[in-house]
Amino acid sequence: MNVLLTGANGTVGTAITDHLGDRYEFTRLDIESGEGTDAVADVRDYDAVRPHFDGQDAVVHLALTPGTGGPDDRSLAWSEPLADNLEGIHNVTDAAVDAGLDSLVFASSNHAVGMVEVRNAPEVYHDTGIRAGHDEPHRPDSRYGLTKSYGEDLGRLAAEAHGIRFYGLRIGAVRDPEFDHPYGDAERGVETGRWDRGSDAYEEQVARMKGLWQSRRDLATMVACCLDDDSVEWDHFYGVSGNDRRWLDDLEYARETIGYDPQDNGEAWDEPPA
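Residue 149 in the numbering used here sits at position 149 of the sequence shown, with consecutive numbering throughout.
The reader is advised that the hints may include incorrect statements.
Said to hold, decoys possible - Derived Cβ-Cβ restraints for the label pairs, each shown as a range:
#1 D200 / V40: 18 to 26 Å
#2 E267 / T11: 17 to 25 Å
#3 D47 / G163: 38 to 46 Å
#4 M1 / D200: 21 to 29 Å
#5 E252 / T128: 30 to 38 Å
#6 A274 / H126: 38 to 46 Å
#7 E178 / G198: 14 to 22 Å
#8 G55 / W78: 19 to 27 Å
#9 A274 / E87: 25 to 33 Å
#10 E203 / D47: 23 to 31 Å
No lab work stands behind these hints, which were simulated from the structure alone.
Treat the numbers as computed from the prediction; the structure is a model and nothing was measured.
Yeah, the Cβ is synthetic: ideal placement off N, Cα and C, and Gly gets one too.
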């Protein structure tokens, strides 16, 4: 299978190619050249990116315009980077439809339903029974989350109007290899001087990640499940590992629908790696 991978040099892109590089014929596209990059183009420029869709069976769209905010940015103000991100989503979707691709896998985000966490933190980190199931409506916690919700809706339109299969992955927390564990964010905070190891702030980050973490190999597994599927018209799935305390909870649905069976669980860790 030929797969175009946008934003290939990023954290999620490298997780996919690290684990699936021998399984699919990837065309690694990014805005800048890098190790393993096959094509350089800006997804905000339709004419530049469109030729790279020819000959592909599927696209995994990860490319993100920098400056679109994050979990702590809940401003109501719009911005040029947010508009650019929507332009990229439109261009990739339009190009995929125009080129006649079979499927589009979209890197959505937990922030599309992030208000579940915001309104229930910190209790939600401690397995108190708070859950966002598969039928949770869009509840974006930020303008960034709003762009992800919009991308899911645009994908549904493309699927129902134009026949391309669409998969929205509401990714929880995928990290670079050195932080690919539920203590990753807490340890990174120690390195940057934000808190001390063992502090309340440190432990809260660990508790959060034990629910939200998706290991790099589980992320790659979920992508492979989508690429290999031929039954879904359009759908979304929560990108988390098999964490006991997950509040984004559609694991049984994902297992039954696309065969996603994660290998990792945040509770298997009781300390960071040496």
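Here is what the structure says about each hint:
Between D200 and V40 the CB atoms are about 45 Å apart, so this pair departs from the stated range of 18 to 26 Å. About 23 Å separates the C-beta atoms of E267 and T11, a value consistent with the hinted range of 17 to 25 Å. Between D47 and G163 the beta carbon distance is about 24 Å. The supplied range of 38 to 46 Å is therefore violated. Range check, M1 to D200: Cβ separation about 47 Å, and the 21 to 29 Å hint is violated.
The hint said 30 to 38 Å for the Cβ distance between E252 and T128, and at roughly 20 Å that hint is violated. Checked against the given bound of 38 to 46 Å, the beta carbons of A274 and H126, roughly 27 Å apart, lie outside it. Take E178 and G198: their Cβ atoms lie about 20 Å apart, and the range 14 to 22 Å holds. For the pair G55 and W78, the beta carbons lie near 37 Å from each other, so the given range of 19 to 27 Å is not met.
At roughly 45 Å, the beta-carbon separation of A274 and E87 lies outside the given 25 to 33 Å, and the hint is violated. Checked against the hint of 23 to 31 Å, the C-beta distance between E203 and D47 comes to roughly 50 Å, which is inconsistent with it.
When each numbered hint is compared with the structure, violations occur for hints 1, 3, 4, 5, 6, 8, 9, 10.
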